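Enquirer: Residue strings, one per chain:
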Amino acid sequence: MELRELKSIWQAYDTKLEKSLKLNLHCLEMIQSQKAKSKLKPLLWLRIAEVILHSMVVIFLADFLVNNISMIQYVLSAVALIMFFAIAFANGIKQIILLKEIDNNEDILTIQKKLTLLQSHIADYIRLTFLCIPTYLAYPIIVFKVLGNFDIVSNLSHNWWIAQLAFTTILIPVCIWFYNQVTYRNIHKKWVRYIIEKSAGTRISKAMEFVKDIDDMKKGNI
Amino acid sequence: MDKQPDKETFLQLIEENKRIIFKICNSYCPQKKDRDDLAQEIVYQLWKSFNGYKTDFKFTTWMYRIALNVAISCYRKEKQSGSTISFVEHLMNLSDDTDTSVETENNFKLLHQFIAELKEIDKSILILYLDDKSYKEIAEIIGLTETNVATKINRIKEILRNKFSNHKN
Chain R
1 MELRELKSIW QAYDTKLEKS LKLNLHCLEM IQSQKAKSKL KPLLWLRIAE VILHSMVVIF
61 LADFLVNNIS MIQYVLSAVA LIMFFAIAFA NGIKQIILLK EIDNNEDILT IQKKLTLLQS
121 HIADYIRLTF LCIPTYLAYP IIVFKVLGNF DIVSNLSHNW WIAQLAFTTI LIPVCIWFYN
181 QVTYRNIHKK WVRYIIEKSA GTRISKAMEF VKDIDDMKKG NI
Chain X
1001 MDKQPDKETF LQLIEENKRI IFKICNSYCP QKKDRDDLAQ EIVYQLWKSF NGYKTDFKFT
1061 TWMYRIALNV AISCYRKEKQ SGSTISFVEH LMNLSDDTDT SVETENNFKL LHQFIAELKE
1121 IDKSILILYL DDKSYKEIAE IIGLTETNVA TKINRIKEIL RNKFSNHKN
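Protein chains in written order, with the numbering used here: chain R, 1 to 222; chain X, 1001 to 1169.
Careful, some of the hints might be misleading.
Label pairs and their calculated CB-CB ranges [stated by the list, open to error]:
id	chain 1	residue 1	chain 2	residue 2	range
1	X	Ala1150	R	Asp215	17 to 23 angstroms
2	X	Ala1116	R	Pro140	53 to 59 angstroms
3	X	Lys1119	R	Thr169	43 to 49 angstroms
4	R	Phe60	X	Ala1116	52 to 58 angstroms
5	X	Lys1032	R	Gly220	33 to 39 angstroms
6	R	Glu101	X	Ala1116	29 to 35 angstroms
7	X	Ala1150	R	Leu44	37 to 43 angstroms
Take a look, some chain R residues computed to stay more than 12 angstroms from chain X by CB distance [said to hold, decoys possible]:
id	residue
8	Ile48
9	Ser55
10	Leu98
Stretches of chain X that chain R covers, calculated by requiring three or more beta carbons in the stretch to come under 8 angstroms of a beta carbon on chain R [as the list claims (entries may be wrong)]:
id	segment
11	1007–1019
12	1050–1061
13	1064–1073
14	1102–1109
15	1140–1154
Just so you know, these hints were derived from the structure itself, not from any lab. All of these numbers come straight from a predicted model, not from anything done at the bench. Each residue gets a CB set at the ideal place from its N, CA and C atoms; glycine is no exception.
My request is simple: use the sequences and hints to build the entire structure.
Expert: Printed below as a string of structure tokens:
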């Protein structure tokens, strides 16, 4: 069987449908009377809640920063966390824009890419986790100050802090590198797939693979 | 406020193009129950988007875009959540009063088997190609350039050729 034959079978099938396919008009009219419900609306509210939460954290940290501007340990800690939550906030805004942009009249690849990026939003959090690692010191510094007005920096040895800072300095470029690597563009790399599958499941890794396929298709690579 | 779409025009257009919906449902859903859900979901989404239909596109181009998008999205979900709307009645019924030979029926089955084994986007491209759509129209529906559509169709042909020879053997 060749493709030509396949086309003629398809046409025979079309002719058969022409003769024997009947539409249930009652059912069609019932569909028309349904109120337009959007499956994407709950997702939109969830993203709005995320953005509000992240902006509240940023406001709280900015307030903390202003109140402790003269103390370098608090300034550095607050700035590190503000950067982290600002990226999370920006990701949320990007998702809301994506949701708002979804239009059924667009071409298949554009819509499928948008829908799949929305489905795999959890991957953004996995990437953010890497960025969060170098800021690990900022949390106890701020939490102790806010909850107990306790300055852990001056209560721990000078050498311990120097060692921690050196370690954090090494971690920053490493974690930024991981952050840039763990995207759907690198899902073909075994270790990236492994991280995604172990943290978010195979459904998300498949979704990311699908987005990469769409990009490759647009470039004419597959 | 949204303008109320013209119900009668919509019904007529769906009636004229019902075969497109059926063929897409058959290609993306092996189970009959899922096919019914998908057909209802496609018609529902078409109705919902009917106000946004721009006449600078052919109706079938617009219809393929929406129907294939709904089919791919449903197909990609691991667990079928069913349609947004669900009726006990079937939207489409295929009567058995046509005389089709056993050989033709077997050919239909084989054809669907080949289509079912393709990736989701390749399925869409093949359906459009088999429905005699031009490369330009396929490009508009899928969102690729005409050159990329031609390359993709050649690759699908190659995949099918291998399937044919495996089937013969």
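Enquirer: With reference to the structure, classify each hint as holding or not holding.
Expert: Hints, one by one, checked against the model:
1. At about 19 angstroms, the beta-carbon gap between Ala1150(X) and Asp215(R) stays in the expected band of 17 to 23 angstroms.
2. Here the CB-CB span from Ala1116(X) to Pro140(R) is close to 56 angstroms, well matched to the stated 53 to 59 angstroms.
3. Taking 43 to 49 angstroms as the suggested C-beta distance range, the pair Lys1119(X) and Thr169(R) conforms, at roughly 46 angstroms.
4. With their beta carbons about 54 angstroms apart, Phe60(R) and Ala1116(X) fall inside the hinted range of 52 to 58 angstroms.
5. Between Lys1032(X) and Gly220(R) the beta carbons are some 37 angstroms apart, a value that agrees with the proposed interval 33 to 39 angstroms.
6. A beta carbon spacing of about 32 angstroms between Glu101(R) and Ala1116(X) agrees with the range 29 to 35 angstroms that was offered as a hint.
7. Between Ala1150(X) and Leu44(R) the beta carbon distance is about 38 angstroms. The supplied range of 37 to 43 angstroms therefore holds.
8. No Cβ of chain X approaches the Cβ of Ile48(R) within 12 angstroms, the least distance being about 22 angstroms, so the stated non-interface status holds.
9. Distance to chain X confirms Ser55(R) as a non-interface residue, since its nearest Cβ pair spans about 31 angstroms, more than 12 angstroms.
10. Taking the minimum C-beta to C-beta distance to chain X, about 15 angstroms, the non-interface status of Leu98(R) holds against the 12 angstroms cut.
11. Check on the segment 1007–1019 of chain X: 7 of its residues sit with their Cβ under 8 angstroms from a Cβ of chain R, so the three-residue criterion for coverage holds.
12. Note: the segment 1050–1061 of chain X has 3 residues with beta-carbon separation from chain R under 8 angstroms; the three-residue rule is met and the coverage holds.
13. A stretch counts as covered by a chain when three or more of its residues have a beta carbon under 8 angstroms from one of that chain; for the segment 1064–1073 of chain X and chain R the count is 6, and the coverage holds.
14. Residue count for the segment 1102–1109 of chain X with a Cβ under 8 angstroms from a Cβ of chain R: 3. That meets the three needed, and the coverage hint holds.
15. Under a criterion of three residues with beta carbons nearer than 8 angstroms to beta carbons of chain R, the stated coverage of the segment 1140–1154 of chain X is upheld, 10 such residues being counted.
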